[in-house]
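S.K.: Here is how the chains run, residue by residue.
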Amino acid sequence: MDPREGGGMTTSLAFLGVFGDGIDFLVRERQGRGGGNVGGLQQTGELLWGHIKLSIAAMLAACAVALPVGVVLGHTGRGGFVAVSVANIGRAVPSIALIFVFFAWFGAGFFNVMLALALLAIPPILTNTYVGMREVDRELVDAGRGMGMSAWRLVRSVELPLALPLVLAGVRVSAVNVVATATIAPLAGFADTLGDPIINAGVYGDEGRVGAAMLVALVAITTELLFAAAQRAVTPEGVKLSRGGSRQRSHFTNRRVPTTP
Amino acid sequence: MIAVLAQADGFFRDRSGSSCVENNGVCPGWIADHLDRYVDPFLQHVWLVVASVTLGLLIAFPLAVLAYRRRWLIAPIANVTGILYTIPSVAAFFLLLPITGRGPLTAIIALTAYTLLILFRNVLEGLDAVPEEARDAGRGMGLTERQLLWRVELPLALPAIMAGLRIATTTTVGLAALAFFAGAGGLGEPLEADKAFKSNVLVAGGLCVLLATFLDVVILLAQRWMTPWTRARAAA
Numbered sequence: 001m002d003p004r005e006g007g008g009m010t011t012s013l014a015f016l017g018v019f020g021d022g023i024d025f026l027v028r029e030r031q032g033r034g035g036g037n038v039g040g041l042q043q044t045g046e047l048l049w050g051h052i053k054l055s056i057a058a059m060l061a062a063c064a065v066a067l068p069v070g071v072v073l074g075h076t077g078r079g080g081f082v083a084v085s086v087a088n089i090g091r092a093v094p095s096i097a098l099i100f101v102f103f104a105w106f107g108a109g110f111f112n113v114m115l116a117l118a119l120l121a122i123p124p125i126l127t128n129t130y131v132g133m134r135e136v137d138r139e140l141v142d143a144g145r146g147m148g149m150s151a152w153r154l155v156r157s158v159e160l161p162l163a164l165p166l167v168l169a170g171v172r173v174s175a176v177n178v179v180a181t182a183t184i185a186p187l188a189g190f191a192d193t194l195g196d197p198i199i200n201a202g203v204y205g206d207e208g209r210v211g212a213a214m215l216v217a218l219v220a221i222t223t224e225l226l227f228a229a230a231q232r233a234v235t236p237e238g239v240k241l242s243r244g245g246s247r248q249r250s251h252f253t254n255r256r257v258p259t260t261p
Numbered sequence: 001m002i003a004v005l006a007q008a009d010g011f012f013r014d015r016s017g018s019s020c021v022e023n024n025g026v027c028p029g030w031i032a033d034h035l036d037r038y039v040d041p042f043l044q045h046v047w048l049v050v051a052s053v054t055l056g057l058l059i060a061f062p063l064a065v066l067a068y069r070r071r072w073l074i075a076p077i078a079n080v081t082g083i084l085y086t087i088p089s090v091a092a093f094f095l096l097l098p099i100t101g102r103g104p105l106t107a108i109i110a111l112t113a114y115t116l117l118i119l120f121r122n123v124l125e126g127l128d129a130v131p132e133e134a135r136d137a138g139r140g141m142g143l144t145e146r147q148l149l150w151r152v153e154l155p156l157a158l159p160a161i162m163a164g165l166r167i168a169t170t171t172t173v174g175l176a177a178l179a180f181f182a183g184a185g186g187l188g189e190p191l192e193a194d195k196a197f198k199s200n201v202l203v204a205g206g207l208c209v210l211l212a213t214f215l216d217v218v219i220l221l222a223q224r225w226m227t228p229w230t231r232a233r234a235a236a
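So the sequence lines, in the order shown, correspond to chains A and B.
Numbered by my numbering, the letters in the first sequence go through residues 1 to 261 in order.
Numbered by my numbering, the letters in the second sequence go through residues 1 to 236 in order.
Hint data in this document are derived by calculation from the structure and do not stem from the laboratory.
All of these numbers come straight from a predicted model, not from anything done at the bench.
The beta carbon of each residue, even a glycine, is placed where N, CA and C say it ideally should be.
No false leads were slipped in.
Have a look at the derived ranges for each label pair, beta carbon to beta carbon:
{"#": "1", "chain 1": "B", "residue 1": "Asn79", "chain 2": "A", "residue 2": "Arg33", "range": "33 to 43 Å"}
{"#": "2", "chain 1": "A", "residue 1": "Ala228", "chain 2": "B", "residue 2": "Arg70", "range": "20 to 30 Å"}
{"#": "3", "chain 1": "B", "residue 1": "Ser19", "chain 2": "A", "residue 2": "Ala191", "range": "24 to 34 Å"}
Examples of chain B residues toward chain A, derived with CB under 8 Å:
{"#": "4", "residue": "Thr170"}
{"#": "5", "residue": "Ala196"}
{"#": "6", "residue": "Thr213"}
Bound conformation, chain A alone (with noise of 0.2 Å):
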């Protein structure tokens, strides 16, 4: 049993000591429960890596087929009840029962386990690219038209850039989904993620927990803020001029995956 668990937790004090051993862990290396030695900064480092390379490869493989899937579909306008329900469906399946499917049947390691990463973020970002598509002003379509555009120039030079906003939005949902979800890798066996101290405790000990606890949930929020900047960046002008002027709410407009209704 864990010493730290049971009692002298109640002070203050000692709260902050355990997030001060987390800290302390990530930057100094010491003995291990198992006998090797853990912790420090090169080891914190190897592990924030693996996070990270892991998190891309699952984020390039589904934005390969989510994005031009969203685009086909929300420029010929077909498809969209199909676009709009794999949100739904994507959010009622659990992200480590989807991890452990792709653990059952092709086994452990980083390729499946980046397969299932990327399976989980499809959904938003194939939705909110869809929908993004399609809420661009039909009479801005229809003026490119009138212009004599091709459909691939429409796409690239009026739908796209307006639409780019909200598919940043699912984007961004979804490289935060990722960057949580690769937490449990180790449980399917890729170990170098930062999930793999907070799992394995037994080897790690308890500020190794903490410590990587604190750093995936640093990551995490980096990732978001990294993702607003670039969806604000992207977003044109006039939109956000139409968007203060008409509407309070922007907020949220900007994180939003919609849902049937």
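Knowing the structure of chain A, use the given hints to seat chain B on it.
M.R.: Just chain B now, with coordinates in the frame of chain A:
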């Protein structure tokens, strides 16, 4: 009896000698015989979800009404709930453990925190979307601000509020599958205990999806029942 459930791979499967079970396959026979082992985790799961979403609504709803009246509160509340929403639940469980200890309390706190942004946003959007004419009509009839809220604004905001409740509920069903990390049981516990066994993954994961779908439909029906005027409008 159920407390020892899922503590070891060996316990979870009886060594019946069935080749399907030994090959980690999908075995209808095994599933039919062992469904009872999922009953308690399932009920724990339901409890975690219902408690967290209810608590979330009890917190988010007054916050949204307050922010609706005092607009300057929107940004700080949205930012704080946004950060809570962003923190991965596994990390949240282990950051709470030193404070609240292992058990359902830790899981429910983390899951509740996760629902706040969704519920706050939807309640506020629902209230904001109430037509000004409806408000004026209410005021003209001599309603006080409080009566206006409960008799005019809230009923009209219900569809948006219920939509938020549906999103929050299905999301929480998924996250509650991680609650076993906090020692709070749920379907994640049997799921993780024998994750190489396809039958087990299928049943535990499938029950999560079923639960999410079921709760979603229940809330949708409740919404239809509570807002009969939307049906009348659709029919007209």
